[in-house]
Amino acid sequence: MNLSLLVIAPLITVLAVLFARGKNAVRWLSLAGVMVQLILSFILLALYWRERAAGNPAPMLFQYLHPWFSSLGINYHVGVDGISVSMILLTAFVMVSAVLVSWQISPNAKEFFILLLLLSAGAYGYFISLDLFTLFFFLEVSVIPKFLLIGIWGSGRKEYAALKLALMLMAGSALVFIGLLGVYYHTRGLYTFDWPAIAQLGVPIRYERVFFPFLFTGFGIFTALFPFHTWVPDGHSSAPTAASMFLAGISMKLGGYGCLRIAVSLMPGSALIYSPIIITLATIGIIYGAFATMMQKDLKYINAYSSVSHCGFILLGIGMGTATAVNGAILQIISHGLMTALFFAAIGMIYDRTHTRLVEKLGGLLKVMPFIATVFVIAGLCSLGLPGLSGFVAEMTVFFGSWQRPGGTYHLATILACASIVVTAVYILGATGQVIMGPLKESQYNSLTDASWNEKMTGILLVAAILVIGTAPFWLTELINK
Amino acid sequence: MIPLNYILFLSTALFFIGMYGLFTRRNMITMLMSVELILNSVNINFIAFNKYLYPEKLEGLFFSLFIIAIAAAEAAVAIAIIINLYRNIRSIDVEAADDMKF
Amino acid sequence: MISRNYLSTALIPGLPFLGFVILGLFGRKYIKRFSGGTAAILVFLSTAMALLTAWDYFSGVGPTDTNSHPIDVGDITWLPLGSNLSVHMNFLLDSLSLMMIVVVTVISLMVHLFSIGYMKGEARNPAYYAFLGLFTFSMLGLVMSSDLLQMYIFWELVGCSSYLLIGFYYDRPTAVAAAKKAFIVTRFADLGLLIGILILCYQARTGEYHKPTLDIRELVYVLTHTTPSGLFLGFPLISWGLLLVFMGGAGKSALFPLHIWLPDAMEGPTPVSALIHAATMVVAGVFLVARLYPLYAEATDVSRIIEYAGAISALLAAIIACTQTDIKRVLAYSTMSQIGYMMFALGTAPDTNWQGYTAALFHLFTHAFFKALLFLCAGVIIHFVHSNEMKDMGGMRKMLPLAHVCFLVACLAIAGIPPFAGFFSKEEILLAAWNSSKLIYAIALFTSGLTAFYMFRLYFSIFWNKPATGHRHKLPFVMSRPLIILALGTVFVGFIPFSRLMVYAQYPDADPHESIGLNAIPPVLIALLGIAIAARLYYKENDRPAKWAQSIRGVYTLAYRKFYIDELYLFVTKKIIFNLMGRPAAWIDRHIVDGFMNGLAIATARISATIKGIQSGKVQDYAWFFFIGIAGLAVLFIYIVT
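Protein chains in written order, with my numbering: chain A, 967 to 1448; chain B, 2 to 103; chain C, 29 to 670.
Don't take every hint at face value.
As the list claims (entries may be wrong) - Listed next, the in silico DSS-like pairs over lysine-lysine satisfying Cα-Cα at most 30 Å (straight line):
1) K1407(A) to K57(C)
2) K602(C) to K1407(A)
3) K1422(A) to K1333(A)
4) K603(C) to K1407(A)
5) K102(B) to K646(C)
6) K640(C) to K1333(A)
7) K603(C) to K1327(A)
8) K568(C) to K502(C)
9) K640(C) to K102(B)
10) K602(C) to K1327(A)
11) K60(C) to K1407(A)
Said to hold, decoys possible - Distance ranges between label pairs, derived from CB positions:
12) I18(B) to Y1157(A): 52 to 58 Å
13) I1250(A) to F606(C): 18 to 24 Å
14) I561(C) to K1263(A): 51 to 57 Å
15) N1022(A) to F606(C): 52 to 58 Å
The set of hints was computed from the structure by calculation and includes no laboratory data.
The structure presented is a predicted model; accordingly, all values stated were derived computationally and were not measured.
Beta carbons are placed, not taken as given, at the ideal position from N, Cα and C, and that holds for glycine.
Bound conformation, chain A alone:
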């Protein structure tokens, strides 16, 4: 299967939308485009399973290499393994949901969908890249559309948030670039950007130690590594719903994937050396994020800080380093991506109707919007790790994996991370109790409508994905481990 189709399909959709006339044409074309992406990712999954079942032991499948600047060692090299396939599936699900939830976006729907699709092209390309330069290229593709999406279609302090997000993410990319160059110049043997080759050849430890912080911090900024997480609250909260879903659901995971695949796989020695720092920062992020969430008054800020807290699990798993913990980190990437997309979708639906995100102004929405309220509650329950939903699976794997690392301080870090489940329950149930339950806050809420067909589809799609992973995680863990 030609992996580049995953990148070409969104670009073709962008072209089609560019020449479309009228809001309906734009929307339906975008939806068709992302549905094609979803189908492609399922085909990829099926083909991948077939290859593995047939006993193909190669670490990366469906590879394709095209020389680009071969004198510098840069090629367009793509390929997938289990982890990449699951990331691609995640992206496809979130994209379909994002397009569906933005059905009524105005003004300039065409530009909105074009930017959204460009984001997805960047994400897909990132996940399939096997060449560091290509990876960086696709990483950068996705930064500018985010800036435009937040700055134009956002709410609240959108210009400030857009600028802050763009600058901090670019700072992260700059750090990543320094790390990449360091790795390139110091790979044993030859100058190449091809990261499977680099993983095999290795980098001498004295250079590893210097460049690992750059790479990890750079990718960590994407994944809300404390203390570089401050773009998350403002960025997610001011963004329009679909952009929030993409940002929290996929963008933050680009960093996690990068930390894992690039920083840790290419430089395992220094990953071990730096792991105490990573674990400390991750644990601080988890606990501190949870406590900061408790005090927030705006629904989107609650979800954004909660994302900081949950992405701390990803970094904790990566930092702990045991195989189970890393599996847990990947599971958390997928689970949190779906869950936070669902939560932002629900919040967006509420905001579209009530025009306020402040918890104290909302109340009793279960009576008038049962579907949206149920989706909100399910997202909240997934966030607090209720079994049967995907959050539990990921968190348990991270906890057990972290416990496997011997040593009192690591056990303490695990216990602190576990303690966050209580704090999560406090703020989730606080928000739910105030917003969904209780008496109807304002009498004008009586005239609010429940979800429309596109919003129902969004909710059902994401809830189905969460339930499948939550009730039958074994297929996903097998996929990741292959």
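Model the placement of chains B and C on the given structure of chain A, informed by the hints.
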């Protein structure tokens, strides 16, 4: 013969007087005059070196003829620019033409 | 045998789950009025399956009978957690789980039937029955789990169903707050459970298989056959693990000091209180400790803590119950007290071999019946009086004769009067306490007197006290039959030979049976004394209770205000956690971390403002720079480079 140094002193002095005028005068025409001074000082240098170091060659002479011609052309172009600038900013004070600042 | 295969066992929890799914997805639009009936039918089938399986199992049981060994049916590797550890989804059917299955399904069926009458006309009925189905499924899954993490999964699902059901009347802020409180307190306890599971699981690594395990039977076997290593603060790690697991159980079972959610949970509909907060969910902690009983039997320090926690809970709850005026709150505290009994019976493990085990489980079984009966009767009463307060009731024995008889039967049972079921189970518990610690025995005896007193205070206040008025109300069929069945159960289940049946599977030669004999007399006497005092105070309307309350004013207020424990918790959470941890975290994030980033931006802007002066727009300045540059380069190249 007058020692070479004296003539070089003269041309250097002229050069720096011209530079001083270029950097400090506010009137654009006066700046142009200072540029002419610089060019003339260079001319003196060329002729002096030609006469004292290579008396049987004529390259210095030719070069200074070139410089005179180019100086004339450049003065014409500069006056044209100044006239156009004057039409826009109504002044020949060089400090008034600071639109390209930060 | 029909019951020993996967399908029939899976149906027991599967049918209620099916009810949840069907009612959840299609209830609101398509089923509406038949939701109660649908749910009841599914639970009835499940109960039938459960009773059949139990009969099958127990009719073949005996101390040396191989049929008493647990059977497992099917196994799914659900989630791998490492190269040698994974979570398996499996059913474990042994005497403990089958007893619990019978309790849960029977009580659930009674509650379903009762709800059809009680919740008639309620708008959100499909959701109600869906949540009831979810709860039944989760509770059954919990007791049938063979794997610790599987049990944890169902443990959390039980908590979630409880949250949904307590908050059923969601437009009442008190109900919402109560649901939140229940969930958060139990979540806090679940944190302990999770860490305890982690510790125990990895302690098994020191055992003979040298690998960590989550399977309960394997874990118990490995940890009781090795001397686990590792100390933390002077106590063995395994004790810490067991203590934390007990903490999880204590939260669900509302033991002191994690009991604060139970009285508030009475905001839910009364049938829900009957099912969840009387008979089934609150005994999950007892079940958990019973499941890991051999481990607790070896850990004397933890068992001491369990004993005292149980005894204190029992006493505390009994004292508070003597002063409460809301009928459901009295019953809630009574539940807490009885669970305290069960817990301290289990805590006598190191001293009494298996006596505590059978005593606690027997009491669990009988308590389920009479407590559910009490709550359903309370439901009937509340339905007719439209109030929960005792002062609005009185002299109701003519109006609700069936409820009167059933309530009386249940009160006699809980007071421990022979030949009702409560007598036998309470006696066994007191026997176990006597064999363990005389102090605990004394507390337990005193508490049983208090129990009799407050229960009969309740009884007399409702059915006597004022002159009997009103005409007979006839209860609908669906509401009266469950009352009758439960009352019959309360009378007769005491005669089941529990100690013979409830043998812990791996230890068939443990013989807990010790005849009660003359030890039965003191508790019965105390109970009769309690009843007599209650009668004197409440049989007819008088001011003796008020005078008594005045005379012990301080103690009375303390008990009435529930020993200010709620206020203490509120203080800790609001003042300490919110103000000392939450607020600073948010403030630091907004002002310090974010401020740092904003500061970077401002610093960049300032530097830029300073540097931009170079672009002055003046030609002469540029010419200067040009000249200086050339001069510099010239000096560089002429003098320094060559």
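* If you draw a straight line from the CA of K640(C) to the CA of K102(B), is it 30 Å or shorter? -> Cα-Cα ~9 Å, so holds.
* Asked: Holds or violated: 18 to 24 Å for the Cβ distance of I1250(A) and F606(C)?
  -> holds (19 Å)
* Keeping to a limit of 30 Å between CA atoms, is the pair of K640(C) and K1333(A) held or broken? -> Not OK: K640(C) and K1333(A) at ~59 Å, beyond 30 Å, violated.
* **Restraint status (C-alpha distance of K102(B) to K646(C) at most 30 Å)** => holds (8 Å)
* Taking 30 Å as the top limit, are the C-alpha atoms of K1422(A) and K1333(A) close enough? -> holds (17 Å)
* Take the C-alpha atoms of K603(C) and K1407(A), compute the straight-line distance between them, and say whether it is at most 30 Å. => Within the cut-off at roughly 27 Å; holds.
* Could you grab the alpha-carbon distance between K1407(A) and K57(C) and see if it respects the 30 Å cut-off? => Status holds; Cα separation ~26 Å.
* Cβ-Cβ distance between I561(C) and K1263(A): within 51 to 57 Å? -> Since the Cβ atoms of I561(C) and K1263(A) sit about 53 Å apart, the hinted range of 51 to 57 Å holds.
* In this structure, is the beta-carbon distance linking I18(B) and Y1157(A) contained in 52 to 58 Å? -> Taking Cβ atoms as reference, I18(B) and Y1157(A) lie about 57 Å apart, which means the hint holds.
* **Restraint status (C-alpha distance of K568(C) to K502(C) at most 30 Å)** => holds (26 Å)
* To do: For the pair we were handed, K602(C) and K1407(A), check the Cα-Cα distance against 30 Å.
  => holds (24 Å)
* Asked: Taking only the CA atoms, is the gap from K60(C) to K1407(A) under or equal to 30 Å?
  -> holds (28 Å)
The structure does not agree with numbered hint 6 stated previously, though it agrees with all others.
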